[in-house]
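Line by line, the protein sequences are chains D and Y.
Quick note on numbering: the first sequence equals residues 1 to 512 in my numbering.
Quick note on numbering: the second sequence equals residues 1 to 512 in my numbering.
No lab work stands behind these hints, which were simulated from the structure alone.
Be a bit skeptical, because a hint or two may be false.
Which copy is meant is left open, because identical chains are indistinguishable; a pair holds if it fits in one copy or across any two.
Stated by the list, open to error - Derived SDA-like pairs (lysine to any residue); straight-line CA-CA distance at most 25 Å:
#1 Lys-119 - Arg-214
#2 Lys-80 - Leu-433
#3 Lys-218 - Asp-356
#4 Lys-255 - Thr-102
#5 Lys-76 - Gly-45
#6 Lys-375 - Gly-496
#7 Lys-392 - Asp-284
#8 Lys-71 - Ala-388
#9 Lys-212 - His-136
#10 Lys-76 - Asp-356
#11 Lys-392 - Gly-286
#12 Lys-255 - Ala-181
#13 Lys-119 - His-136
#14 Lys-119 - Asp-331
#15 Lys-326 - Gln-99
#16 Lys-340 - Pro-299
#17 Lys-255 - Gln-285
#18 Lys-255 - Ile-353
#19 Lys-41 - Ala-388
#20 Lys-41 - Arg-512
#21 Lys-415 - Ile-353
#22 Lys-255 - Ala-122
#23 Lys-326 - Gln-149
Number of protein chains: 2
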Amino acid sequence: MYAHPSKVVLALVLALLAASRASAQETLRPRVEAWTAANQKAIVGEFLDLLAIPNVAADRVNIDRNAVFLKSMLEKRGFKAELLPTDGNPLVFGERLVQGATTTVLIYCQFDGQPVNPKGWAQENPFTPVLRAGRHDEGARDIADARGQTRYENDWRVYARSASDAKGPIVAFMAALDALAAHGLAPTVNLRVIMDGEEEISSPNLVPAIEKYREKLKADLMLVFDGPMHFTDQPTLVFGARGIQTAQLTVFGPKSGVHSGNYGNWMPNPALRLAHLLSSMKDDQGNILVEGFHDDLVPMTREERDLIAAVPNEDTRLLKVFGVAKPERDDVSLQMAFQKPTLNIRGMQSSFIGNDARTIIPDRAVAELDIRLVKETNGARMLERLRAHIVKHGYHIVDADPDDATRARYTHIAKLTSPRRAATAAFRTSPLLPESRRVITALETIWGEPPVRIRTAGGTVPISQFIEALGFPAILVPVVNFDNNQHEENENLRLGNLFRGVVTYAGVLRMR
Amino acid sequence: MYAHPSKVVLALVLALLAASRASAQETLRPRVEAWTAANQKAIVGEFLDLLAIPNVAADRVNIDRNAVFLKSMLEKRGFKAELLPTDGNPLVFGERLVQGATTTVLIYCQFDGQPVNPKGWAQENPFTPVLRAGRHDEGARDIADARGQTRYENDWRVYARSASDAKGPIVAFMAALDALAAHGLAPTVNLRVIMDGEEEISSPNLVPAIEKYREKLKADLMLVFDGPMHFTDQPTLVFGARGIQTAQLTVFGPKSGVHSGNYGNWMPNPALRLAHLLSSMKDDQGNILVEGFHDDLVPMTREERDLIAAVPNEDTRLLKVFGVAKPERDDVSLQMAFQKPTLNIRGMQSSFIGNDARTIIPDRAVAELDIRLVKETNGARMLERLRAHIVKHGYHIVDADPDDATRARYTHIAKLTSPRRAATAAFRTSPLLPESRRVITALETIWGEPPVRIRTAGGTVPISQFIEALGFPAILVPVVNFDNNQHEENENLRLGNLFRGVVTYAGVLRMR
């Protein structure tokens, strides 16, 4: 028996069509990779151009130059772009609608960088990018003609402020659009882009911009093109970040430092008292002892626990890198550690050490504390618990240095202050939402394996407030190397991460 | 019945002689006071001349100028004087033998001063003395013509480096010799004088000088003309001083500071660990918990306890001055506090505070410790006990920053170091010795009341080593005001203390 020829043809055509659609996705990666390989010089060139414009948020003249340059970058890729004025630096906005698309994605990028101290850098000027054949601190040589290479190796690195945080992701994003266009492909979603020139100063004008530019910022999903990939350098999605609440704790001793001989064994020492107070807050095994500190947490579901367990565990390697024999708690992995609020001493001082040390009983001892928050914990509430703990331990709490009457009345006096804007909320998007699943699938499709899915990053992103205020899901899609010296001297981007970032973003832009 | 006339005459003569000897002592004070009042201008003039020669130990040119000036001051008072070369600054030595005297007293003076930071002073140059009509910080006016006053008030003060520490006592000592001479009186003891130009750098060449100048330094008793009087400004004798042993304790965290978000709840925090370790050494009630810390102490006798109890208790006033509601322990007076070794945190630091604070888990936390010693406690032995305590609390102790192998092996790593010459021994002379009783009686005789007798001063004098090496009793005879800003900016001497110092030293020089 054989089938009617027309039926055979129809089946054949249908099969070919299905194959072509499947293969369109399956073949996207090699096509983007091929395009990227063929256009390395142009990609790197645009990257170097962008890095050469200084971008410290306080330097308005150069911030404006960045904004104008970014606007033209967007316009080259078919965006309707404009600068949105704010009370601070302008936001760069772009919109590219796609015929037939039913989903709108708001893409967040950051174009300002941390302040620089050129003395700490191996190069003369952090805004004159340097191409190196590897890691500077491993002795990699400089490559003199950064723009003129015929081939750029994956292990080469570009050193400049904002190379990774976050001009690199912007350039990978633009190249992804170019790669798609070169193969006659448009994004599958409507794109809105918001570029922030004040991220490193905590984006004070981002939430206010929602009120002002409400219609422009509407979307179904926000993707944040920022942050480092997982330690393993595997494709990564980050669904949340911890918030932060800082506070300064001061314990008072005598009005001024007194001679440790003339008053030793008699005058209370505020450094010792601070040591006792801090010890009472967290034991030496890593257990936070402040009452109610974990009260707001809700138990994780099985699915959430599985998600965390699926993140490659690099703890042993990290301990080695940092030269630490054991973590704070044997029974808590790094990923699990991120799911709870912290209580950390980020700085501590009483009088001076080393050559500046004097034989005194100091007048005060200060601890700078930071509480990393998770979505369920509120900064102000955590501070109240800390305050209650200090009171419970016998301290009278003041808001300013104590006066004579207060000093005469209370044996234990502490000051607990928290500067304005000391708090940033956490955010968390469920990886189980349909929007989340689409982004996960997009990465899985283009890379052939599921991405590392991080429920909560340990650190804090200032745009959490913006995410919360917008009210729709947000996911971070990081592409830069973990070891990029973000915020420090000798910030860099590994070119392999830039090129693979083009693939990642192309995949995301073609999400189904 | 009446007595034979010759017996009457003899009795009369004997009575007159006895009366004259008693009255010689009883009238010494008014005579010295009268002479001092009449010679204020000369005394102050010589004081201003001496203060005008800069005297930082490292400034050899000016140190030599001081030495030459002091030598001539001694020669004017009948001393055979010379400069004794050492490996550092010269010592000024003088000898004045008294016919018939059977006791030799070695008088120790200090002529170098603490380094100065002129910016901190209210006057232009700390070596251009300024006379003020009271305390500068209470708004006292400057007195323009410091040398030309017809009368110098007791509450006036001379502001200059070393005014109190310790050129003032030298000038009072010289004036006392002049006052005695003016009344035809010589000292009752042979005098040897040693003047040290390196006290503020811990007198490194003083003990070696004993070997070199053994014969010159022989005496029955050493009197140290240095230090502040008791808070009450009553005539004071000090029979001992605590020693000191310093140490630096470092607790290690990760090799370099890590992001407090990216590693919080997982990376051990060295500041917290240091807080726990310090807390384990001393409780919040002032009890030192280091095993064996008090083992070497011997119980005080009833007489010693009575001596301490007899010192005027100014604790309440001091607490008010320093703005502290209660001392470390309710049951220990300041004087009793001096009788035991201390364990003090004189400085503490981990990363930075204030504007320099960063949101990290620091790489290390450092505490500068000082242990004030009493005569029975040995610095090295106390350090060993501290070391044992740290080990007992789970730490591996290193002498230098740990290498990778050490970091991989030990969860808790601490460094305990003590610089060379970090220790100075304590000294104590029994107030019950005959030599001590003679000095006590000398002060009681001239002032009409017993001096404040301090068994052990809380602070440390570098010459303890010298005292111990010499091997004969030593007593401090302070004359300067307690509130003299010693070692600080705006050091000063109250003129009343200078003038009363002449009386005190005259009394001592006429000891029986």
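For each hint, the structure was consulted:
no. : hint              : in the structure
1   : Lys-119 - Arg-214 : neither (43 Å within a copy, 57 Å between copies)
2   : Lys-80 - Leu-433  : neither (30 Å within a copy, 99 Å between copies)
3   : Lys-218 - Asp-356 : neither (56 Å within a copy, 39 Å between copies)
4   : Lys-255 - Thr-102 : neither (67 Å within a copy, 50 Å between copies)
5   : Lys-76 - Gly-45   : within (15 Å within a copy, 87 Å between copies)
6   : Lys-375 - Gly-496 : neither (34 Å within a copy, 69 Å between copies)
7   : Lys-392 - Asp-284 : both (20 Å within a copy, 14 Å between copies)
8   : Lys-71 - Ala-388  : neither (51 Å within a copy, 66 Å between copies)
9   : Lys-212 - His-136 : neither (44 Å within a copy, 59 Å between copies)
10  : Lys-76 - Asp-356  : neither (58 Å within a copy, 42 Å between copies)
11  : Lys-392 - Gly-286 : both (21 Å within a copy, 20 Å between copies)
12  : Lys-255 - Ala-181 : neither (70 Å within a copy, 47 Å between copies)
13  : Lys-119 - His-136 : within (15 Å within a copy, 44 Å between copies)
14  : Lys-119 - Asp-331 : neither (42 Å within a copy, 56 Å between copies)
15  : Lys-326 - Gln-99  : neither (55 Å within a copy, 78 Å between copies)
16  : Lys-340 - Pro-299 : within (11 Å within a copy, 54 Å between copies)
17  : Lys-255 - Gln-285 : between (35 Å within a copy, 20 Å between copies)
18  : Lys-255 - Ile-353 : both (20 Å within a copy, 20 Å between copies)
19  : Lys-41 - Ala-388  : neither (60 Å within a copy, 63 Å between copies)
20  : Lys-41 - Arg-512  : neither (31 Å within a copy, 100 Å between copies)
21  : Lys-415 - Ile-353 : both (23 Å within a copy, 14 Å between copies)
22  : Lys-255 - Ala-122 : between (45 Å within a copy, 21 Å between copies)
23  : Lys-326 - Gln-149 : neither (45 Å within a copy, 74 Å between copies)
Comparing the model with each numbered hint stated earlier shows that hints 1, 2, 3, 4, 6, 8, 9, 10, 12, 14, 15, 19, 20, 23 do not hold.
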